[in-house]
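Protein chains: 2
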Amino acid sequence: MKIDVLFYPEKLKNAEDKAVVVLDVLRATTTIATALAAGAEKIYPVSSIKEAFLLKKKISGALLGGERGGIKVPGFDLGNSPLEYQGLKGKTIILSSTNGTKTLKKAVSARTLIAGSIVNAKAVADYLLKLNLDVVLMPSGTDSQFSLEDFAGAGYIISLLAEQKKIELSDQAYVSFELARSNPPEEILTRSFHGQRLINLGFARDVEYCAKLNLLDVVPEGHLQEGRLVIESSRLFR
Amino acid sequence: MKIDVLFYPEKLKNAEDKAVVVLDVLRATTTIATALAAGAEKIYPVSSIKEAFLLKKKISGALLGGERGGIKVPGFDLGNSPLEYQGLKGKTIILSSTNGTKTLKKAVSARTLIAGSIVNAKAVADYLLKLNLDVVLMPSGTDSQFSLEDFAGAGYIISLLAEQKKIELSDQAYVSFELARSNPPEEILTRSFHGQRLINLGFARDVEYCAKLNLLDVVPEGHLQEGRLVIESSRLFR
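Chains as they are written, first to last, in my numbering: chain A, 1 to 238; chain B, 239 to 476.
Incorrect hints may appear among the rest.
[Claimed, not checked] Result set (EDC-like, lysine to aspartate or glutamate): computed pairs, CA atoms no more than 20 Å apart in a straight line:
1) B:Lys-340 x B:Glu-289
2) A:Lys-105 x A:Glu-51
3) B:Lys-368 x B:Glu-470
4) A:Lys-106 x A:Asp-17
5) B:Lys-294 x B:Glu-446
6) B:Lys-294 x B:Glu-406
7) A:Lys-89 x A:Glu-41
8) A:Lys-13 x B:Glu-289
9) B:Lys-251 x A:Asp-17
10) B:Lys-296 x B:Glu-406
11) B:Lys-249 x A:Glu-10
12) A:Lys-11 x B:Glu-248
Derived from the structure by calculation, the hints contain no laboratory data.
Bear in mind the structure is a predicted one, so any value in this text is a computation, not a measurement.
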């Protein structure tokens, strides 16, 4: 089982045989895991706000969620704070965020596409062990910049894999593993550029929540349905 | 004093006010430091083998050094093994290597351009403290791939800076610092992709040598002279 970690979201090559884990720890993939754990049935990640409003017209009862510059989009039902995503049994969410949803769309060529975060690191690791495919962990970055929290998030998942199986790490995966080994999540998220920005915007509680390792036992898995990416709870992982 | 580390050699933006440290630990910048410590007066990094032969015609007594695929170029006086670079008092070297010399040329817009490695990490750190400029550490990579040993090499230099001064680390610089803090050089170089390749080519002694922290008290500094990059020992650093 070979493990690679990217520094930036890139167009994936040869992903057809691989499991790809997209991470946007602050906050899109944490929000996705939280929404599914709160009972949401489907999440449609969309790139633009316009696309979100158009899709809502087609899906009755869908909720619009997302942010631009960290702030809830006017006219949307929900922002991108995972703490808002509670009591969503049977709901459909249309989610647009600055980085995470765009990166998920870049990874649709994967054999298996997973949304990973720190809150569901163990569930994701267990599912990867079950799949037994080579793995690429793909941080979303922050506006095309390197993102410390996503890179460390990949490392926490790798640590959990390494506890249970002999895995082969690329040089980049080794760096991520070493970072995670010597830095607890709350320290990473608080010191990261993006964490600092969210704290300054008043989202300190979000940052604290997103650092809670292994809180949720859910694996968000993406599929194309009629040409559109949709994320649901994996039914295979337990 | 702000410190940034790149993952890949990139075209530098806004480097006019910065000190840029190019690293090709295995082996070009280690070889450059070793050659200067062995008395060489000037080193001309050139990109192509053709350029090397043309320049040699203009500089009487110059030695040609360099490699392609790790192996000495036919017709050259020296390979790229630092262990060959001994007893060079007053000599001029024309050096062409796969990655390092190309990266040095990408960094010529820097206010101060330094060739860094593990063998001269402390000398480089001391010089950076004296310059008191913002710093960009720039790994050469291995054929455009991420290079663990260069990224860790940057981290050893950062560790030495942090011992003496309050410095401000970018997220990428923090990852490099943490990697260096928890991994000794010989471990990094031996496990890296490029280190493994050199060991398989029979250069295990080179890999061992390139991991010797703070062996040489020399700072190779690059300048443009008549439009051509030349590297000499900095006379300012002590």
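> Holds or violated: A:Lys-105 with A:Glu-51, Cα cutoff 20 Å?
Replying inline: The given pair, whose Cα atoms are some 14 Å apart, holds under the 20 Å limit.
>> Does B:Glu-406 sit within 20 Å of B:Lys-296, going by the straight-line distance between their CA atoms?
In response: Distance of about 45 Å is beyond 20 Å: violated.
> CA of A:Lys-13 to CA of B:Glu-289, is that 20 Å or under?
Replying inline: violated, 35 Å
>> For a C-alpha distance cap of 20 Å, please report whether B:Lys-249 and A:Glu-10 respect it.
In response: Roughly 19 Å separates the two Cα atoms, so the pair holds.
>> Tell me if the straight-line CA distance from A:Lys-11 to B:Glu-248 falls inside 20 Å.
In response: Status holds; Cα separation ~19 Å.
>> Next pair to validate is B:Lys-340 with B:Glu-289; report whether the Cα-Cα distance is within 20 Å.
In response: holds, 13 Å
> Given the proposed pairing of A:Lys-106 with A:Asp-17, does the C-alpha separation stay at or below 20 Å?
Replying inline: holds, 16 Å
>> Run the distance test for B:Lys-251 versus A:Asp-17: straight-line Cα separation, threshold 20 Å.
In response: At roughly 38 Å apart (the allowed maximum being 20 Å), A:Asp-17 and B:Lys-251 break the hint.
>> Checking one constraint from the list: CA of B:Lys-294 to CA of B:Glu-446, max 20 Å. Satisfied?
In response: Judged against 20 Å, a Cα distance of about 31 Å means the pair is violated.
> Is the straight-line distance between the alpha-carbon of B:Lys-368 and that of B:Glu-470 20 Å or less?
Replying inline: holds, 18 Å
> Regarding the pair B:Lys-294 and B:Glu-406, is the alpha-carbon distance no greater than 20 Å?
Replying inline: This hinted pair is violated, its Cα atoms lying about 43 Å apart.
>> So if I understand the rule, the pair passes when the alpha-carbon distance is 20 Å or less; does A:Lys-89 with A:Glu-41 pass?
In response: Holds - the C-alpha atoms of A:Glu-41 and A:Lys-89 are around 7 Å apart, at most 20 Å.
Going through the hint list in order, the structure does not satisfy hints 5, 6, 8, 9 and 10.
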